[in-house]
Amino acid sequence: MRKARSAHADPAVPFAFRKPTPGEELIRFDGLIKQFGAKRIYDGVDLDVRAGETLVVLGGSGVGKSVLLKCLIGLMHPDGGSVLFEGYDVAKFSEEQFLEVRKHVAMVFQGAALFDSLSVAENVAYPLREHFKKMTRAEINKRVAEKLELVDLPNTEKLMPSDLSGGMRKRVGLARAIATDPEVILWDEPTTGLDPVTTQTINELIDSMKQRLGATSIVVTHDMVSAFVLADRMAMLANRKIVQVGTPEEMRRSQVPEVRAFIDARRLELNPRGTP
Amino acid sequence: MMPGARIAGHGPSLKERLKERMESLGALSVMTGQVFSRAVRPPYDWASLVFHTESLGVRSLPIALLTATFAGLVISLQFGYFLARFGVQYTVGRVVILTLFRELAPVLTALTVGARIGSGIAAELGSMTVTEQVDAIRALGADPLRKLVVPRVFACLIVMPVLTVFSDVVGLVGGALVVKSQYGISLDQFFQGALDAVLMGDFVSGVIKGAVFGLIIGLVGCFKGLAVEGGTEGVGRATTQTVAITSVTVCLADFFITKITLYF
Chain Y
583 MRKARSAHAD PAVPFAFRKP TPGEELIRFD GLIKQFGAKR IYDGVDLDVR AGETLVVLGG
643 SGVGKSVLLK CLIGLMHPDG GSVLFEGYDV AKFSEEQFLE VRKHVAMVFQ GAALFDSLSV
703 AENVAYPLRE HFKKMTRAEI NKRVAEKLEL VDLPNTEKLM PSDLSGGMRK RVGLARAIAT
763 DPEVILWDEP TTGLDPVTTQ TINELIDSMK QRLGATSIVV THDMVSAFVL ADRMAMLANR
823 KIVQVGTPEE MRRSQVPEVR AFIDARRLEL NPRGTP
Chain A
9 MMPGARIAGH GPSLKERLKE RMESLGALSV MTGQVFSRAV RPPYDWASLV FHTESLGVRS
69 LPIALLTATF AGLVISLQFG YFLARFGVQY TVGRVVILTL FRELAPVLTA LTVGARIGSG
129 IAAELGSMTV TEQVDAIRAL GADPLRKLVV PRVFACLIVM PVLTVFSDVV GLVGGALVVK
189 SQYGISLDQF FQGALDAVLM GDFVSGVIKG AVFGLIIGLV GCFKGLAVEG GTEGVGRATT
249 QTVAITSVTV CLADFFITKI TLYF
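Those protein sequence lines, which keep their order, are chains Y and A. Residues in the first sequence are numbered from 583 upward in steps of one, following my numbering. Residues in the second sequence are numbered from 9 upward in steps of one, following my numbering.
Hints in this document: simulated from the structure, not taken from any laboratory. Each hint should be verified, as a subset may be incorrect.
Stated by the list, open to error - Here are the simulated distance ranges between beta carbons:
no. : chain 1 : residue 1 : chain 2 : residue 2 : range
1   : A       : Pro50     : Y       : Leu741    : 15 to 23 Å
2   : A       : Phe90     : Y       : Leu700    : 51 to 59 Å
3   : A       : Val181    : Y       : Gly748    : 21 to 29 Å
4   : Y       : Glu606    : A       : Phe59     : 41 to 49 Å
Stated by the list, open to error - Here are the simulated BS3-like cross-link-like pairs (lysine-lysine), alpha carbons at most 30 Å apart as the crow flies:
no. : chain 1 : residue 1 : chain 2 : residue 2
5   : A       : Lys27     : Y       : Lys740
6   : A       : Lys155    : Y       : Lys674
7   : Y       : Lys716    : A       : Lys155
8   : A       : Lys267    : Y       : Lys674
9   : Y       : Lys740    : Y       : Lys724
10  : Y       : Lys601    : Y       : Lys740
11  : Y       : Lys621    : A       : Lys267
12  : Y       : Lys685    : Y       : Lys716
13  : Y       : Lys621    : Y       : Lys601
We treat Cβ as the ideally placed atom computed from N, Cα and C, and that holds for glycine.
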């Protein structure tokens, strides 16, 4: 088992990112506990993510897949356990300490979460203005154009979010997320609500981020087709725990009831009459 | 049954609701402290402050002026009628100006314009919350309080006293016109009596009320907007709650500010 480089459990130690070698453990959720009011959604979630891989987290609606991502970048705080990123326990980080983490970890939200009052260019430039105060306007414009080109949306700088289709919004959301060249990209239900063609386009984009940027991706989804297309490894979240982690082939052959139920339901969806 | 126990199928018990309200009050107090601590530390977002001050102020001016005009007309009619019974209708200018400056202009502006501004802020921030735009601001390395709350709260703090002053003037002019047409008191007589009676403290107390009401409206609107849960239904709930809370809080604050300013 890969070990974290160091355990900087002391939140006073300032976060400093060191580019990991591929395959090395980058993130570890350790005994994570989370509850909303009286409802406990995590009861000791353990999961590790390796540098450069695409890990797909599967699970039914409402099991708390997105919460896992939000705990990593401090949008939510766990009630117990630790979230180690580069060996630093970010679960104990303050909002100010998270600013440094968020330079390296970007999130693509389910509904894209574009700022309605800003143009496409202003949306993509947003993290650059926040993180790189010394960047000139020309440098920002150049970076924005590059990132929009990367997501196949050239010359859309002046459009407003209301002018975009669902798939285009997701791609602008991705361009915004990768504007700072993050090492980790978190994808929250990237293909939910999209037609099959757009779904395929988004899947290709996620894969290209790995190839072009060498980014580590955590994809949260219940779309089994996308999961098998994208994943290096898959993790199944059910009954408040990770019930299985494995390669797509291992998951296909899994006898864990929760995993089997997911795979069989997908088969039934593709072949509803059960004809051979 | 124990006091405060839940009645089956009738929602949260009194004890639970009280606890929830106290927690909300605590969270609002914490947010107020955070807003002021961020407001005094650079960087300052002057552009956003100017934008919100202008947009809230300009959009609210017509309703503020309309309300103040009719308030001036009605109180002049009422006071003119009753003062005439005692043969002292020439003092109507004094009564109208004191009523307007100290009480009616700030309170009516807060209740009409404030409800509109507060619910607008709650709806805007609530929509941003449910569409994860507020989370996105944090994820992209910015501070939602600094970006969204500070400019709106301080815009309210600036706009409300300014609107109060506009309401003072328009209400007074409206009152003067009614008194002239209905009771035959000349404009000179009306304004002379009014200016003789009013002190700087009367004017300032109204402006202070406007500022405090602005602060309440901005803070409550932002707080309810950022606390939205449950999608678009939650946004609707937040806007109506904002109107109710600001109206009640403005009335309560009005009493205490009046009590305090009467000592000076």
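List of violated hint numbers, smallest to largest: 1, 3, 5, 8, 10, 11 and 13
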